[in-house]
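Chains as they are written, first to last, in the numbering used here: chain A, 496 to 610; chain B, 67 to 177.
Derived by calculation from the structure, the hints in this document are not laboratory data.
For every residue, glycine included, the Cβ atom is placed at its ideal position computed from N, Cα and C.
Any given hint might turn out to be false.
As the list claims (entries may be wrong) - The list that follows gives simulated cross-link-like pairs (lysine to aspartate or glutamate, EDC-like), each with its CA atoms no further than 20 angstroms apart:
| hint | chain 1 | residue 1 | chain 2 | residue 2 |
| --- | --- | --- | --- | --- |
| 1 | A | K597 | B | D104 |
| 2 | A | K605 | A | D503 |
| 3 | B | K136 | B | D125 |
| 4 | A | K544 | B | E123 |
| 5 | B | K148 | B | E83 |
| 6 | A | K605 | B | E123 |
| 7 | A | K597 | B | D125 |
| 8 | A | K597 | B | E123 |
| 9 | B | K135 | B | E88 |
Said to hold, decoys possible - Partner residues are not named here, just some residues of chain B that face chain A (Cβ under 7 angstroms, in silico):
| hint | residue |
| --- | --- |
| 10 | P74 |
| 11 | G82 |
| 12 | G90 |
| 13 | D104 |
| 14 | P105 |
| 15 | G108 |
| 16 | L109 |
| 17 | V154 |
| 18 | F156 |
| 19 | G163 |
| 20 | F168 |
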Amino acid sequence: TQTVSQSDAHVTVFEGDSVELRCNYSYGGSIYLSWYIQHHGRGLQFLLKYYSGNPVVQGVNGFEAEFSKSDSSFHLRKASVHWSDSAVYFCAVSPLNYGNEKITFGAGTKLTIKP
Amino acid sequence: DMKVTQMPRYLIKRMGENVLLECGQDMSHETMYWYRQDPGLGLQLIYISYDVDSNSEGDIPKGYRVSRKKREHFSLILDSAKTNQTSVYFCASSFAGDEQYFGPGTRLTVL
Chain A
496 TQTVSQSDAH VTVFEGDSVE LRCNYSYGGS IYLSWYIQHH GRGLQFLLKY
546 YSGNPVVQGV NGFEAEFSKS DSSFHLRKAS VHWSDSAVYF CAVSPLNYGN
596 EKITFGAGTK LTIKP
Chain B
67 DMKVTQMPRY LIKRMGENVL LECGQDMSHE TMYWYRQDPG LGLQLIYISY
117 DVDSNSEGDI PKGYRVSRKK REHFSLILDS AKTNQTSVYF CASSFAGDEQ
167 YFGPGTRLTV L
């Protein structure tokens, strides 16, 4: 069984700042990692995914994430945040052979952007 | 337009009443999901459906059942709702095990 940890429940930055949202997982086999964003009162929206190849993956709206097997991490980054990036971000992991049947979501990180 | 819809968006029920939550998608995705979201817990998978009449329990299926008679529709049923089933429920769909498309959610309150 895999686990996923998002160590920061809340992150606050100023508009234009860079930000990194942390995600660590534990699982012994090949894994599928993804990030989702949830704006207030809405459903989750897919940002990006990784399961093989280049460990740095690009997503929508300038987001990128880097997979590190040695650190068991998949941190999300953005170079310059906009007020519209204020939302809750969820990291999700699932064993590559099981797909979403065994998906586990982190508890989420609430990102607040100050003007 | 790729879309997942959920009805109703808000629902208040009394303990012991039956609850029906409906979900639809227009992408012909064979796989659909029901989750519940509670503060600080992320999303928990209730049921997954691989296609019509091909459903599988997720992590927290107790107290819930599902029905999928058409590929584009997936229903979540609570027989005799309990107060601890008060939550926000999300439906999602995907092509196989790939990225999921989520609906807007249903906020259910059981009094």
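The hints, checked one at a time:
1. At most 20 angstroms may separate the alpha-carbon atoms for a hinted pair to count; A/K597 and B/D104 meet this at roughly 19 angstroms.
2. At roughly 8 angstroms between alpha-carbon atoms, A/K605 and A/D503 fall within 20 angstroms of each other, so this suggested pair holds.
3. Pair hint B/K136 plus B/D125 does not hold up; C-alpha atoms about 24 angstroms apart against a cutoff of 20 angstroms.
4. For the proposed pair A/K544 and B/E123, the alpha carbon gap of about 25 angstroms is over 20 angstroms, so the pair is violated.
5. A distance of roughly 8 angstroms separates the Cα atoms of B/K148 and B/E83; the hinted pair therefore holds under the 20 angstroms criterion.
6. In summary, the hint linking A/K605 to B/E123 is not supported, as the alpha carbons are separated by about 29 angstroms, beyond the 20 angstroms threshold.
7. Proximity of A/K597 to B/D125 is assessed by CA-CA distance (about 8 angstroms); at most 20 angstroms being required, the pair is judged to hold.
8. The hinted pair formed by A/K597 and B/E123 meets the criterion: a straight-line CA distance of about 10 angstroms does not exceed 20 angstroms.
9. Between B/K135 and B/E88 the alpha-carbon distance is near 12 angstroms, which keeps this suggested pair within the 20 angstroms criterion.
10. Below 7 angstroms, beta-carbon pairs count as interface contacts, and B/P74 has none with chain A, the closest being about 15 angstroms; its hint is therefore violated.
11. Restraint check, B/G82 versus chain A: the minimum CB separation of about 29 angstroms is more than 7 angstroms; hint violated.
12. Taking 7 angstroms as the C-beta contact cut-off toward chain A, the hint placing B/G90 at the interface is violated, the least distance being around 13 angstroms.
13. Nearest Cβ of chain A to the Cβ of B/D104: about 10 angstroms, over the 7 angstroms cut. The hint is violated.
14. Taking 7 angstroms as the C-beta cut-off, the interface hint given for B/P105 is violated, the closest approach to chain A being about 9 angstroms.
15. Taking 7 angstroms as the C-beta cut-off, the interface hint given for B/G108 holds, the closest approach to chain A being about 4 angstroms.
16. Nearest Cβ of chain A to the Cβ of B/L109: about 4 angstroms, under the 7 angstroms cut. The hint holds.
17. The interface hint given for B/V154 is violated, since its Cβ lies 9 angstroms from the closest Cβ of chain A, which is over the 7 angstroms cut-off.
18. The beta carbon of B/F156 comes within 6 angstroms of a beta carbon in chain A, closer than 7 angstroms, and the hint placing it at the interface holds.
19. Taking 7 angstroms as the C-beta cut-off, the interface hint given for B/G163 holds, the closest approach to chain A being about 2 angstroms.
20. For B/F168, the suggested interface contact is upheld, since its CB lies about 3 angstroms from the closest CB of chain A, less than 7 angstroms.
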